[in-house]
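Asker: The residues making up each chain are set out below.
There are 2 protein chains.
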Amino acid sequence: MTVRIPFDGLVTLLAEIFRQGGCSTDVADIIAQNMAAAERDGARSHGVFRVPGYLGSLASGWVDGKVDPVVEDVAPGFIRVDGRNGFALPAIAAARAQLVAKARTNGIALLAIRNAHHFSALWPDVEPFAREGLVAIEMVNSMASVVPHGGNRKLYGTNPLGFAAPRRVGDPLVFDQASSAIANGDVQIAAREGHHLPPGFGVDASGAPTTDPRAVLDGGALLPFGGYKGSSIAMMMEIMAAALAGGNFSFEVDFRQHPGAATPNSAQTLIVIDPNMGARGDFAARLEVLVDELRAAGQDRLPGDRRYANRREAMTLGVPLSSAEMAYLQKVARPG
Amino acid sequence: MTVRIPFDGLVTLLAEIFRQGGCSTDVADIIAQNMAAAERDGARSHGVFRVPGYLGSLASGWVDGKVDPVVEDVAPGFIRVDGRNGFALPAIAAARAQLVAKARTNGIALLAIRNAHHFSALWPDVEPFAREGLVAIEMVNSMASVVPHGGNRKLYGTNPLGFAAPRRVGDPLVFDQASSAIANGDVQIAAREGHHLPPGFGVDASGAPTTDPRAVLDGGALLPFGGYKGSSIAMMMEIMAAALAGGNFSFEVDFRQHPGAATPNSAQTLIVIDPNMGARGDFAARLEVLVDELRAAGQDRLPGDRRYANRREAMTLGVPLSSAEMAYLQKVARPG
Numbered sequence: 023m024t025v026r027i028p029f030d031g032l033v034t035l036l037a038e039i040f041r042q043g044g045c046s047t048d049v050a051d052i053i054a055q056n057m058a059a060a061e062r063d064g065a066r067s068h069g070v071f072r073v074p075g076y077l078g079s080l081a082s083g084w085v086d087g088k089v090d091p092v093v094e095d096v097a098p099g100f101i102r103v104d105g106r107n108g109f110a111l112p113a114i115a116a117a118r119a120q121l122v123a124k125a126r127t128n129g130i131a132l133l134a135i136r137n138a139h140h141f142s143a144l145w146p147d148v149e150p151f152a153r154e155g156l157v158a159i160e161m162v163n164s165m166a167s168v169v170p171h172g173g174n175r176k177l178y179g180t181n182p183l184g185f186a187a188p189r190r191v192g193d194p195l196v197f198d199q200a201s202s203a204i205a206n207g208d209v210q211i212a213a214r215e216g217h218h219l220p221p222g223f224g225v226d227a228s229g230a231p232t233t234d235p236r237a238v239l240d241g242g243a244l245l246p247f248g249g250y251k252g253s254s255i256a257m258m259m260e261i262m263a264a265a266l267a268g269g270n271f272s273f274e275v276d277f278r279q280h281p282g283a284a285t286p287n288s289a290q291t292l293i294v295i296d297p298n299m300g301a302r303g304d305f306a307a308r309l310e311v312l313v314d315e316l317r318a319a320g321q322d323r324l325p326g327d328r329r330y331a332n333r334r335e336a337m338t339l340g341v342p343l344s345s346a347e348m349a350y351l352q353k354v355a356r357p358g
Numbered sequence: 023m024t025v026r027i028p029f030d031g032l033v034t035l036l037a038e039i040f041r042q043g044g045c046s047t048d049v050a051d052i053i054a055q056n057m058a059a060a061e062r063d064g065a066r067s068h069g070v071f072r073v074p075g076y077l078g079s080l081a082s083g084w085v086d087g088k089v090d091p092v093v094e095d096v097a098p099g100f101i102r103v104d105g106r107n108g109f110a111l112p113a114i115a116a117a118r119a120q121l122v123a124k125a126r127t128n129g130i131a132l133l134a135i136r137n138a139h140h141f142s143a144l145w146p147d148v149e150p151f152a153r154e155g156l157v158a159i160e161m162v163n164s165m166a167s168v169v170p171h172g173g174n175r176k177l178y179g180t181n182p183l184g185f186a187a188p189r190r191v192g193d194p195l196v197f198d199q200a201s202s203a204i205a206n207g208d209v210q211i212a213a214r215e216g217h218h219l220p221p222g223f224g225v226d227a228s229g230a231p232t233t234d235p236r237a238v239l240d241g242g243a244l245l246p247f248g249g250y251k252g253s254s255i256a257m258m259m260e261i262m263a264a265a266l267a268g269g270n271f272s273f274e275v276d277f278r279q280h281p282g283a284a285t286p287n288s289a290q291t292l293i294v295i296d297p298n299m300g301a302r303g304d305f306a307a308r309l310e311v312l313v314d315e316l317r318a319a320g321q322d323r324l325p326g327d328r329r330y331a332n333r334r335e336a337m338t339l340g341v342p343l344s345s346a347e348m349a350y351l352q353k354v355a356r357p358g
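Protein sequences appear in the order of chains A and B. Using this note's numbering, read the first sequence as starting at 23 and increasing by one per residue. Using this note's numbering, read the second sequence as starting at 23 and increasing by one per residue.
A hint or two may mislead.
Unchecked claim - Per label pair, the in silico range of CB-to-CB distance:
| # | chain 1 | residue 1 | chain 2 | residue 2 | range |
| --- | --- | --- | --- | --- | --- |
| 1 | B | Glu335 | A | Asp322 | 45 to 53 Å |
| 2 | B | Thr24 | A | Arg153 | 54 to 62 Å |
| 3 | B | Glu335 | A | Ala230 | 35 to 43 Å |
| 4 | B | Gly229 | A | Asp90 | 38 to 46 Å |
| 5 | A | Gln42 | B | Gln120 | 50 to 58 Å |
| 6 | B | Asp234 | A | Arg26 | 49 to 57 Å |
| 7 | A | Tyr250 | B | Arg236 | 39 to 47 Å |
| 8 | B | Arg236 | A | Arg26 | 55 to 63 Å |
| 9 | A | Arg328 | B | His218 | 48 to 56 Å |
| 10 | A | His217 | B | Gly229 | 53 to 61 Å |
| 11 | A | Arg236 | B | Arg323 | 48 to 56 Å |
To be verified - For the chain A half of the interface with chain B, some residues (derived, Cβ under 7 Å), not all of them:
| # | residue |
| --- | --- |
| 12 | Val92 |
| 13 | Pro98 |
| 14 | Arg175 |
| 15 | Phe273 |
| 16 | Phe277 |
| 17 | Leu309 |
| 18 | Val313 |
Rather than coming from a laboratory, the hints here were simulated on the basis of the structure. As the structure is a prediction and not an experimental result, all values here were calculated from the model. The beta carbon of each residue, even a glycine, is placed where N, CA and C say it ideally should be.
Can you make the complete structure from the sequences, with help from the hints?
Answerer: In structure tokens, the structure reads:
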């Protein structure tokens with residue numbers, strides 16, 4: 023059975039859960055907002071589904087839910103953040119205003135975050151920049167779960183790429199895609215719900231192709247999307263996130279000493295651009311020309327469209343959750 | 023039969039051809055260097071194979087081989103170039119030193135080029151930045167030849183992405199890949215040599231899947247690599263190149279009034295980063311850690327390896343050409 027909870031009510035409930043789990047009030051609020059937004063937009067694999075992962079990392083001492091990130095202004099276009107083994111979302115929040123200011127002054131600016139756990143979707147990070155008229159590109163590495171194309175063992179993370187660009191009329195054009203053929207969260211959901219994966223998405227513990235999500239999770243691995251080209255994208259994410267920010271490569275993340283941990287201590291790079299510095303006219307108006315052409319070519323659904331539709335419905339009717347999920351949230355929010 | 027020509031001899035021969043074709047001495051030299059480097063590195067589809075395309079565009083008046091680009095210093099991290107309907111390579115060359123200086127001062131800098139014809143590979147553009155210790159990302163749009171995933175007509179160009187990062191020990195890690203399943207030049211070579219394409223690479227004029235390269239070239243179209251994710255990458259290239267720089271989208275390039283023209287008047291964006299600003303240690307040394315792990319995972323050939331091997335051989339033995347290609351070059355270099 024589906025129940026509906028007002029967005030703000032879901033934020034409050036999740037914030038209580040993360041405070042109970044060991045986060046400071048500020049960190050709990052930031053993660054709760056992010057997770058409620060994912061659930062609101064129908065991005066289920068980054069929604070309430072992730073509560074146990076956050077709590078497991080906190081309970082095992084693998085992540086610090088109370089620490090403040092250290093922001094360093096390295097150069098006119100470059101900000102460096104040490105997440106101090108906290109979550110990535112507070113690290114992004116701590117540098118965000120400065121990043122926007124630098125992008126507006128310099129035309130382009132970069133935020134490199136190391137030693138921080140990114141366990142959420144990328145579109146909530148990049149979409150707000152586009153709502154301020156800026157273009158944003160985010161590159162994140164995670165933990166080893168993807169075999170390079172033609173390789174024999176997992177090495178890359180699912181390594182997502184996020185992109186957002188402002189439109190004059192419509193909601194921003196936003197995409198957020200793993201460089202694996204499928205995201206880890208979606209494999210977990212398929213396993214939980216008993217669905218098979220499409221062929222070419224994963225291998226089992228012996229390295230043989232499989233469509234069984236449990237075989238992928240049980241010592242197996244994912245494959246990159248699009249063969250060697252997707253594998254190159256995954257490599258670029260390792261370089262642009264881990265190597266550039268000075269964080270862990272995905273194959274260096276090891277939480278085996280922390281039972282229950284689920285979040286990666288890895289790295290993130292955000293590049294933000296003021297697009298009107300380059301354009302002969304109005305960048306956002308040119309995006310409308312592209313969107314019109316995409317619609318004319320039969321692209322009825324643009325990247326982000328489904329999320330925006332879910333968002334509008336959820337803000338009117340409430341965010342839909344299964345009654346089991348709601349019962350779980352109420353239980354963990356008020357333990358004992 | 024294969025003949026070999028010294029690299030410098032090939033550059034001289036090609037420069038003569040482009041001067042004859044209507045380029046200024048400077049422009050002819052730049053294009054000749056670039057094309058000879060592609061042939062030297064075994065990147066045949068961007069080598070001598072492209073001479074007729076350059077000459078066709080010049081002869082038809084579609085491109086201006088003599089014009090000087092206009093470079094504007096827009097912001098501390100942003101350079102804007104109007105290629106004035108010339109080739110892109112001279113436009114990049116005109117802004118290159120300033121781009122490097124801005125990246126070193128600001129940590130990151132962007133070069134946006136509009137109204138310029140990019141008809142060459144991307145790796146020769148990005149590799150030199152990595153040899154100076156910088157990271158470079160290049161995004162280029164071209165002319166409509168790719169149907170968006172799920173779409174019904176071509177709209178995107180092959181829209182390549184180029185990436186280069188410096189290593190401490192080895193040659194830079196460099197990749198250069200079309201966001202189509204195959205590059206246009208490789209379809210032309212397959213058609214010329216009578217090879218079939220793999221399934222999923224193209225459609226014919228009716229939109230039906232085909233493995234016949236002639237059917238793709240004859241009113242058909244290419245498909246993006248990797249389904250909807252590759253299609254998102256192609257979209258990002260249109261936005262980051264055409265919309266950002268203020269140039270033509272791929273679907274706006276129309277040279278039907280210029281018989282023989284082959285080059286796209288489109289746009290290019292180069293982002294250059296000083297990677298040591300973000301790293302806790304030495305970025306190039308961290309790349310060696312990644313490379314070691316890639317080799318251990320069975321990646322015997324890294325992106326760029328084949329080009330570097332071809333390059334070493336060609337610099338010792340000469341650049342290999344077929345005798346037919348050599349005869350063609352000698353004929354066009356000394357017409358009449």
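Asker: Hint by hint, say whether it matches the structure.
Answerer: Verification of the supplied hints:
In this structure the supplied range 45 to 53 Å holds for glutamate 335 (chain B) paired with aspartate 322 (chain A), their Cβ-Cβ distance being about 51 Å. For threonine 24 (chain B) paired with arginine 153 (chain A), a C-beta distance near 58 Å keeps the hint of 54 to 62 Å intact. For the pair glutamate 335 (chain B) and alanine 230 (chain A), the beta carbons lie near 38 Å from each other, so the given range of 35 to 43 Å is met. Glycine 229 (chain B) and aspartate 90 (chain A) have their C-beta atoms about 56 Å apart, which leaves the hinted 38 to 46 Å range violated.
The beta-carbon spacing between glutamine 42 (chain A) and glutamine 120 (chain B), approximately 54 Å, falls within the hinted interval of 50 to 58 Å. The supplied range of 49 to 57 Å is met by aspartate 234 (chain B) and arginine 26 (chain A), whose beta-carbon atoms lie about 53 Å from each other. The supplied range of 39 to 47 Å is broken by tyrosine 250 (chain A) and arginine 236 (chain B), whose beta-carbon atoms lie about 26 Å from each other. For arginine 236 (chain B) and arginine 26 (chain A), the hinted distance range of 55 to 63 Å is satisfied, since their beta carbons lie about 57 Å from each other.
Separated by about 37 Å at the C-beta atoms, arginine 328 (chain A) and histidine 218 (chain B) break the suggested range of 48 to 56 Å. About 31 Å separates the C-beta atoms of histidine 217 (chain A) and glycine 229 (chain B), a value inconsistent with the hinted range of 53 to 61 Å. The beta-carbon spacing between arginine 236 (chain A) and arginine 323 (chain B), approximately 33 Å, falls outside the hinted interval of 48 to 56 Å. At about 12 Å, the closest approach between the beta carbon of valine 92 (chain A) and any beta carbon in chain B exceeds 7 Å, and the interface hint on this residue is violated.
The closest approach between the C-beta of proline 98 (chain A) and any C-beta of chain B is roughly 5 Å, which is under the 7 Å cut-off, so the hint is satisfied. For the restraint placing arginine 175 (chain A) at the interface with chain B, the shortest Cβ-Cβ distance is roughly 5 Å, inside the 7 Å limit, so the hint holds. The interface hint given for phenylalanine 273 (chain A) holds, since its Cβ lies 6 Å from the closest Cβ of chain B, which is under the 7 Å cut-off. For phenylalanine 277 (chain A), the suggested interface contact is broken, since its CB lies about 18 Å from the closest CB of chain B, more than 7 Å.
Annotation: leucine 309 (chain A) was flagged as interfacial toward chain B, and the flag holds, the nearest CB pair being 6 Å apart, inside 7 Å. The interface hint given for valine 313 (chain A) is broken, as the beta carbon of that residue sits about 10 Å from the closest beta carbon of chain B, more than 7 Å.
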